[in-house]
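2 protein chains.
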Amino acid sequence: MEQLEQKIRQFATMAPGGIVRVDSFLNHQIDTAFVQLLAKEFARRFSGLGVNKIITVEASGIAVAALTGLEMGGIPAVFAKKAFSANLGSDAYYSTTIHSFTKGIDCDLIINKKYIGPQDKVIIIDDFLATGEAILGLMRILREAKAEVKGVGAVIEKTFQGGGDRLRERGILVESLARLAMENGNIAFVGNPK
Amino acid sequence: MEQLEQKIRQFATMAPGGIVRVDSFLNHQIDTAFVQLLAKEFARRFSGLGVNKIITVEASGIAVAALTGLEMGGIPAVFAKKAFSANLGSDAYYSTTIHSFTKGIDCDLIINKKYIGPQDKVIIIDDFLATGEAILGLMRILREAKAEVKGVGAVIEKTFQGGGDRLRERGILVESLARLAMENGNIAFVGNPK
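Protein chains in written order, with the working numbering: chain A, 2 to 195; chain B, 2 to 195.
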């Protein structure tokens, strides 16, 4: 997506460990008008698949997931929580453990069983697709819930961390709005694989 | 807001400790079309104040804050983070410690100094206003950043936990879309104070 590549060229910064920082517009300060453009693009790419729900992970996936749900006709967006709180009550939950490479810790993803089930045709939306840990964790939950995964949408895919390929090898439709490669320590953009 | 009161009557459940669970439409599963209505109402109530930025806290404030930013002309929404991660890099941050009553722990609120400053006229938007801990924490950060707080918007104010009054006593404009009182263990709705 050309506008996103421009935005990344202009505002992204690199941090050690292959970290691409886009907190000026995507995952700390949210450029709401720009994220709406991203959501419209996801809605366009995932149209016609009968999607009735968006799934994401707190916190940085929420804005783009909610706006994508709105652009796809006002369908709900469910975000997996990373910790139990009293707000979750005594209901039954799906949970799975993933490793966060940016935080260096394991954490749980938790979704209330009420909000996902066999009637759901979902897309998973997130800000980043890196190793794919979070998305594969969500997919384990969705499989247990017998929901159908129609695709995965990432704002930014870091191709050098392999998660996109892991998903595509499983036959998952992956739509990344920008795909980054690392060439001599610099960011380069690559197209979506056919 | 009548539509919100109806939604709460229909879908909210009570948990011990005065907890009002609205995770079916607001803070776990997000009813995106409905949250857009809430955002339009905040935009209406805070119009004409010159607001150029929305501030909230991860995670459950993000959807309504982002949509409110969009409804107010596409202004940015900044969410305070609760933990440092490698994504935050080596920039300078504002931080303050608050107590989370629903989680029973202290946590930090963290905002990159780049994204808030004396040029900002902000409203703070959150899903709940209970004791006011999170919002008072954000206000400490905003004062340090010399940003101007034009108001506080809560989707649901729990009047029996006192946070709304603490803010109003300080002269803060507080707009709550639903104000809940507890009467004999049941939820009752009360109007906004004049």
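Please keep in mind that the hints were generated in silico from the structure rather than gathered at the bench. Some hints here could point you the wrong way.
When chains are identical, the list treats them as one kind, so a pair holds in a single copy or across two.
Stated by the list, open to error - Listed next, the in silico DSS-like pairs over lysine-lysine satisfying Cα-Cα at most 25 Å (straight line):
| hint | residue 1 | residue 2 |
| --- | --- | --- |
| 1 | LYS8 | LYS115 |
| 2 | LYS41 | LYS8 |
| 3 | LYS104 | LYS122 |
| 4 | LYS122 | LYS147 |
| 5 | LYS114 | LYS8 |
| 6 | LYS83 | LYS104 |
| 7 | LYS115 | LYS104 |
| 8 | LYS114 | LYS147 |
| 9 | LYS83 | LYS41 |
| 10 | LYS41 | LYS147 |
| 11 | LYS114 | LYS41 |
For each hint, the structure was consulted:
| no. | hint | verdict |
| --- | --- | --- |
| 1 | LYS8 with LYS115 | between (38 Å within a copy, 17 Å between copies) |
| 2 | LYS41 with LYS8 | within (16 Å within a copy, 28 Å between copies) |
| 3 | LYS104 with LYS122 | neither (31 Å within a copy, 32 Å between copies) |
| 4 | LYS122 with LYS147 | within (10 Å within a copy, 47 Å between copies) |
| 5 | LYS114 with LYS8 | between (38 Å within a copy, 21 Å between copies) |
| 6 | LYS83 with LYS104 | both (13 Å within a copy, 12 Å between copies) |
| 7 | LYS115 with LYS104 | between (29 Å within a copy, 22 Å between copies) |
| 8 | LYS114 with LYS147 | within (11 Å within a copy, 44 Å between copies) |
| 9 | LYS83 with LYS41 | neither (27 Å within a copy, 29 Å between copies) |
| 10 | LYS41 with LYS147 | neither (28 Å within a copy, 35 Å between copies) |
| 11 | LYS114 with LYS41 | neither (29 Å within a copy, 30 Å between copies) |
Consistency with the previously given hints fails for numbers 3, 9, 10 and 11, ordered from lowest to highest.
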